[in-house]
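Chains U and Y, in that order, give the protein sequences. Using the numbering used here, the first residue of the first sequence is number 1, and each one after it goes up by one. Using the numbering used here, the first residue of the second sequence is number 263, and each one after it goes up by one.
No wet-lab data here; the hints were simulated from the structure. For clarity, every value in this text was computed on a predicted model and none was experimentally measured. Watch out, some of these pointers could steer you wrong.
Subject to a maximum C-alpha distance of 35 Å in a straight line, what follows is the list of computed DSBU-like cross-link-like pairs (lysine-lysine) [what the hints assert, rightly or not]:
#1 U:LYS176 x U:LYS14
#2 Y:LYS529 x U:LYS14
#3 U:LYS244 x U:LYS176
#4 Y:LYS486 x Y:LYS529
#5 U:LYS14 x U:LYS68
#6 Y:LYS529 x U:LYS68
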Amino acid sequence: MIEARDISVAIAGKRIVSHVDFAARPGEVSAIVGPNGSGKTTLLKALTGELAYTGTVTLNGRDLASMKPVEAATLRAVLPQATALSFPFTVREIVRLGLIGGRSGVLPGEDTRLPERALARVDLDGFAGRFYQELSGGEQQRVQLARVLCQVWAPVLEGRPRYLFLDEPVSSLDVKHQLIIMNIARDFARRGGGVVAILHDLNLTAMYADRIFVLSRGQLAAAGAPVDVLNDELIEKVFDCRLKVGALPEGSMPFVLPQSAA
Amino acid sequence: MSEQSIAGAGRAMTAEGDRSARARFVIALLCLALALSVFLSLTSGASDASAVRVIRDSVTGAIPADAALAARDQLIVYDIRMPRALLGVLIGAALAICGAVMQGLFRNPLADPGLIGVSAGSSLGAVAIIVLGTTWLAPVTLAFGTLALPLAAFFGGLAVTLLLYAIATRQGRTSVATMLLAGIAISALAMALTGVLIFMADDRQLRDLTFWQLGSLAGATWPKIGTVGPVIILAQAAMPFLSRGLNALALGEATAGHLGIPVQRLKYAAIVGVSAAVGASVAVSGGIGFVGIVVPHVLRLAIGPDNRYLLPASALLGASLLLLADSVARTIVAPAELPIGIVTAIAGAPFFLWILLRKRGIVDL
Chain U
1 MIEARDISVA
11 IAGKRIVSHV
21 DFAARPGEVS
31 AIVGPNGSGK
41 TTLLKALTGE
51 LAYTGTVTLN
61 GRDLASMKPV
71 EAATLRAVLP
81 QATALSFPFT
91 VREIVRLGLI
101 GGRSGVLPGE
111 DTRLPERALA
121 RVDLDGFAGR
131 FYQELSGGEQ
141 QRVQLARVLC
151 QVWAPVLEGR
161 PRYLFLDEPV
171 SSLDVKHQLI
181 IMNIARDFAR
191 RGGGVVAILH
201 DLNLTAMYAD
211 RIFVLSRGQL
221 AAAGAPVDVL
231 NDELIEKVFD
241 CRLKVGALPE
251 GSMPFVLPQS
261 AA
Chain Y
263 MSEQSIAGAG
273 RAMTAEGDRS
283 ARARFVIALL
293 CLALALSVFL
303 SLTSGASDAS
313 AVRVIRDSVT
323 GAIPADAALA
333 ARDQLIVYDI
343 RMPRALLGVL
353 IGAALAICGA
363 VMQGLFRNPL
373 ADPGLIGVSA
383 GSSLGAVAII
393 VLGTTWLAPV
403 TLAFGTLALP
413 LAAFFGGLAV
423 TLLLYAIATR
433 QGRTSVATML
443 LAGIAISALA
453 MALTGVLIFM
463 ADDRQLRDLT
473 FWQLGSLAGA
483 TWPKIGTVGP
493 VIILAQAAMP
503 FLSRGLNALA
513 LGEATAGHLG
523 IPVQRLKYAA
533 IVGVSAAVGA
543 SVAVSGGIGF
553 VGIVVPHVLR
563 LAIGPDNRYL
573 LPASALLGAS
583 LLLLADSVAR
593 TIVAPAELPI
603 GIVTAIAGAP
613 FFLWILLRKR
623 GIVDL
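For reference, chain U alone in the conformation it holds in the complex (with noise of 0.2 Å):
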């Protein structure tokens, strides 16, 4: 479990995100969505450890700020919006960055396949030779999604669960590439991990996530499960514009209509 109690970050002075609850659970896919600038990375920043914070996280009841990197590096992996390169690294290179710990939480051994598994994965076959600089931006996150997977390979390690912070994992990635990435992650929580993902697809944040925590002006303006939070009056006023929710008839799953802004 992730708990964060009462965390605020100021960059340069100035509160992005103000007292905010958080908690994620294994097992589930917890999402975080917002409009621009209201503090969503700055909280992911925050809930591993990159960005100074006041209040408490907390991983599997142990706090953060008391952690090794490289204790906190085997409890998590963390994918960032976007990684620029200035060697010419090949593909598998990179992958293999994600053994850089040593626990991915398979057999000894196998670890040594593990970049071409992780490619797979995430649609790449065939890629380990590339330079990673030639790639698309798409190419690009799925390549660092595949190192990332790498790093926590076994959701689960010695009893304990682990975790994938994913910042806007499909931002820039096409609509089937949306949906394999999205259904990793899914993956990764049904087998004991926790994944925590920023997301803008509204849509997609209803297909997947269990939890959504909703941020406005660095506030906490919701949280809870998808038929609970999307409703037209919260995020009208959320995200400023028009839109309906609906749902879908076989089910409970909510979806988003834009209308019109403001």
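Model the placement of chain Y on the given structure of chain U, informed by the hints.
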């Protein structure tokens, strides 16, 4: 050759995108090249002394026909050429490995201790000791003796590196344009202060300084190697342990941290190691430029940017190239000799421009 075609050649040997087998092969070749360079360095020079004969005679215990000539040759080979070759190996390796480490640290292929002012800072420290060692800085020379000059060079380089890092890094991102420009400014300042010291120097100090500023291995003696050798060797021995961390750092500081790398410790270790090795190198041989930028660049084309291979390969190629440059410097205007810094600059500067032209529009400053 383009990166793709080299990777293509590597692909035939191992799994796709895995260049480690190729890298190990290149490292083996470089060991051979270094052995050849050392041989060339010992056997060539202004004098006709034969290193092969001298070494054969001392190994077999043969008694030479002309004892006086044999003694001269022994002196030339054991006390001039050998320390010089060893110094060349140490410094060439140090400069190349420091270049590779700085490039990894700044995440940019153009970072180099000479280019961004670390060497200039070291020079300033060393010149201060040479010129002021008997007057204002007398307490320092008294306290540290022969170590005063290498120490001053080390702290000069360290000060510049820390300053650069502080100026160029904001929120974990190092701005390369800021780094290069700040490096130029700091270099200019260090050189101006060095100029003030040179203005204060007497004639004897002046001649020493000029020759030494251009860079030369001419002063190589066994005691000098005894002083700076351990520093350079220690600093270099520590660097390969940084290679995993530097690889992760290629993805950015935050991601390296998420992968479990203690980034802050890594950065300090790299900065202190580079300053120590550059400081010690500058203290004995002056500013020798371009080795640190050319060597890692060529090797990245051949074996890729994986620092686990890049760092040892850089050390080997840097040592070989510096010995070759020194052989040229010693023989091209024999019996006089060129400062080696002139040779490396004449060969290295056009190469550096070529890198810039080739990368135009790709590397974003």
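Verification of the supplied hints:
1. U:LYS176 x U:LYS14: With Cα atoms ~39 Å apart, U:LYS176 and U:LYS14 exceed 35 Å; violated.
2. Y:LYS529 x U:LYS14: Holds, because 28 Å separates the two Cα atoms, which is no more than 35 Å.
3. U:LYS244 x U:LYS176: holds, 25 Å
4. Y:LYS486 x Y:LYS529: Distance ~29 Å between Y:LYS486 and Y:LYS529 Cα, so the pair holds.
5. U:LYS14 x U:LYS68: Holds: U:LYS14 and U:LYS68 sit about 28 Å apart, inside 35 Å.
6. Y:LYS529 x U:LYS68: holds, 16 Å
The structure fails hint 1 only (numbered hints given earlier).
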